[in-house]
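There are 2 protein chains.
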Amino acid sequence: MQLEGCSLIGAGKAPHRGKGASALEPATGTVLKPEYCWASHEDVEAAVQLAESAFEKFGALPPARRAEFLKAIAQGIESNAAVIVERAHQETALPQARLTGEIGRTCGQLRLFASLIEEGSWLDARIDHADPARTPVPKPDVRSMLVPVGPVAVFSSSNFPLAFSVAGGDTASALAAGCPVIVKPHQGHLGTSELVGRIIQQAVKTTGMPEGVFSLLYGPGRDVGMALVKHPAIKAVGFTGSRAGGRALMDAAAARPDPIPVYAEMGSINPVFLLPAALAERAEAIATGFHASVTLGVGQFCTNPGLVVTPAGADTERFLAALTLLLAATPAGAMLTASICEEYRAGIERFAGVPGVKQVAKVTVEQNSAGHFAGAALFRTTGANFLAHPHLMDEVFGPSSLIVEVASEAEALQVAQALEGQLTATIHATEAELGTHHALVEALAIRAGRLLVNGFPTGVEVCHAMHHGGPYPATSEGRTTSVGSRAIERFVRPLCLQNFPQSALPDALKEGNPLKIMRLVDGQLTRE
Amino acid sequence: MQLEGCSLIGAGKAPHRGKGASALEPATGTVLKPEYCWASHEDVEAAVQLAESAFEKFGALPPARRAEFLKAIAQGIESNAAVIVERAHQETALPQARLTGEIGRTCGQLRLFASLIEEGSWLDARIDHADPARTPVPKPDVRSMLVPVGPVAVFSSSNFPLAFSVAGGDTASALAAGCPVIVKPHQGHLGTSELVGRIIQQAVKTTGMPEGVFSLLYGPGRDVGMALVKHPAIKAVGFTGSRAGGRALMDAAAARPDPIPVYAEMGSINPVFLLPAALAERAEAIATGFHASVTLGVGQFCTNPGLVVTPAGADTERFLAALTLLLAATPAGAMLTASICEEYRAGIERFAGVPGVKQVAKVTVEQNSAGHFAGAALFRTTGANFLAHPHLMDEVFGPSSLIVEVASEAEALQVAQALEGQLTATIHATEAELGTHHALVEALAIRAGRLLVNGFPTGVEVCHAMHHGGPYPATSEGRTTSVGSRAIERFVRPLCLQNFPQSALPDALKEGNPLKIMRLVDGQLTRE
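These protein sequences, in sequence, are chains A and B.
The opening residue of the first sequence carries number -7 in this note's numbering; numbering runs sequentially from there.
The opening residue of the second sequence carries number -7 in this note's numbering; numbering runs sequentially from there.
Keep in mind the hints are simulated off the structure, nothing from the lab.
Hints are supplied without guarantee of correctness; some may be wrong.
Identical copies look the same in the list; a pair holds intra-copy or inter-copy alike.
[Claimed, not checked] Here are the simulated lysine to aspartate or glutamate pairs, DMTMM-like style, with alpha carbons at most 20 Å apart: (1) Lys222 x Glu412; (2) Lys354 x Glu309; (3) Lys350 x Glu309; (4) Lys502 x Glu423; (5) Lys5 x Glu481; (6) Lys25 x Glu481; (7) Lys502 x Glu425; (8) Lys131 x Glu453.
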């Protein structure tokens, strides 16, 4: 595939008007070809109109057809894996092995949603039969199922150029639901986005999907992105990125004449609580696991553990000694973009300047002619000092973490209760400790979307039971997830059909259950 | 029960400070005792703090305990039905038979949610087992289920003093989910609200619920109501009322430092489309059903059919002749409050003043010493004129409807495509016509939460398959319902537990499935 630098609109492409930007190689600062051209307002309008006109046909396709489309995208990505990985490596400095893994994850997600809609029970089909003899009024025949909401705008992330990007989780779940998707790609991987976008464009064609179910619009978020969020035909938004960016979209969507939901995943500090007996047993092992988690991908994960709450004392010193040794031996890594590296440097300088916060590990942050490199930063402070400085709860995107030594279990609980909404919270504890720390577990459960025991938060498993979505500000709302099969729920709504004749019902709601899906019939879950 | 006119805060009551209002008998204008005192900001704070401190314990109770609580409320309402109906009749002028029916509906809702949580499958429990041998990384054990979001504020409606009020659907579904509830009752039925509130207060005590799971705060929406919506401890809002009121709450909730969802049901005009063959077959029968629906409860239903789209011609004249006769024989009825009656009068005057709109039926709107009475209003216009005057799509709350005569099927479709979000849309059609009017059905399906064939939208069945929630502006978001068992989904979020030992898992997620609920285990729905 020859990259062209144009937005993709339905089956075609936008004209190259010149105004735009080029991708940069973060490891070297080298400019990569081609130059990318920003979408115009006419391009936005054209893409949205195509999406709107494709919606009815796309949403009404048999699920097997949409599943075929998702699988064709996965197949296309796999067939072009080498070229995608090469370009993504150039644009993001992420290691090729990691990107190869991300190809697998992306295709796995597409196939997970394909299998979900092929199986069909996710439709939450419900039937309450009529009872004409009921008094005082006859009972009507009432049936309902989930239907797609309409065209969806997806803002892709910087840190997952594949799995949370053009064909990532938001796109896969929205397409699976039956919603056309318009992606605004992240500027950190322009070429990777075009490669994947053209694979989707091709899959639309080969599987006979209506034109307009997918478009890709390059441009700045405050311009092209905002035009999408404010467009009356857009019915929902998926976003992965910063809190400021996500909140701006939330506010714009809430101010529309007809507000629409924004599903924004904005990251968090993912606190890790160490309980005394577990720490005594496994201080060094916890340090090893923690080191791997905090430095993974140069710390550029929304689930990066940015806070460790641990009892002051000898076992914490063991933990810190082991961790410091490991960090000292970890080379600096190239960050995704210059601005991410700059913000990381500013973040660790801000932390280092807070009274009572001590910097434990030496940090390298270098932006030289060879690129934007960052090493891990480790800080320590007391529980009392942490509670006195709420800005220590701010996320520093990158391989940075703050060790908070608490004087008592009560203080650990206070720290937990002071936390904002989190994607995850982790507890290292013996089984006995878990049983005696209900208050801590409950305080974390209220504040997080996912609780882990004796593990680390990075590495979000893509599966049915996953929930990747915590209370605000971790996400725009904790009721939905951006990872796992529940993600499809963001892009659907129930539709109720009353007194419809059999011939006019969709298969999911017909007597005899032709799709053989699980349904709630007169209050009973059944495949009959 | 002796009415006292005070807000109920946990197990106690707010002091009577004097500033407030009294209930009025709408049929006569008579002032009813006692005087009701508005809650102070200290009262709001006290109620919210109690709710917050009750939340953890309440949410963690075995579902059977919360079910017992809901059933005790239903039992208490039934035991006091006579006194509730008497007071509600005085305050709302709704007929006693209707109110007795509403008692049944309210208790039915409470028991529906009790049975839902006793059965337990609504928890959407999911388990994906670990696979330590998986490469390149071991697969963790991941489980998730729905958990309550926290304290909920409920704004009760004017037109259902029981079923959408203090112990109505919002309260029942939030309590079932495990969320403490603070109700701001509607000022149209202050005493009825106190009666029901005190029954709930008593049920909290007899079933041993933590104090604070329920409070009732009297006061104006812009004051007490806004204080609730903006309070950091309130995590969701339920509302039934006007579009202006609902939007004000939505905007306030979206502007919070941590935005929360507002589930506002704001009504709609519930279009009814008549297709030619059905109309030819049953013009008079449709008129009879339509008349009953549009005049039911003096038209004071969010599902009142305010628009009829019908082919111009002889069959429509038959329909109108029959309808006009029936309307002429229908006496004016007392409306719920003086201001609702005043707005109804203003609404029909506005319609009557639109060029090209003809008033068909004579209307009585009288506010005399005996009260606030209104008769039904019927208008007719052409499709072209309707499309030229978008304000004819505004809801007139009361027994008013607009007949739009369309010149062609294409014009009927244009009218459908011009509509805003609706709670319901209805089609009267033969089975053959349904099969040939896909475009119309699809246009309505995109715009409505519930589609009816050959029925009428009033009388919302409380059942599992019901969906009472259409796209904005019918509701704040079409993804959720305020009627039927899906309503519980508004007040929960998934919580994911990773690598938890069996002893620390809730019963819903334990191996062996002690609750015997339907779960998604490794992708398979099963009760094993």
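Verification of the hints:
1. Lys222 x Glu412: between (29 Å within a copy, 17 Å between copies)
2. Lys354 x Glu309: The answer is within: 17 Å in one copy meets 20 Å, while 87 Å across copies does not.
3. Lys350 x Glu309: Close inside one copy (14 Å), not across copies (85 Å); limit 20 Å.
4. Lys502 x Glu423: between (49 Å within a copy, 15 Å between copies)
5. Lys5 x Glu481: So Lys5 and Glu481 fail the 20 Å test inside a copy (31 Å) and across (41 Å) alike.
6. Lys25 x Glu481: Neither: 39 Å inside a copy, 49 Å across copies.
7. Lys502 x Glu425: between (52 Å within a copy, 19 Å between copies)
8. Lys131 x Glu453: between (45 Å within a copy, 8 Å between copies)
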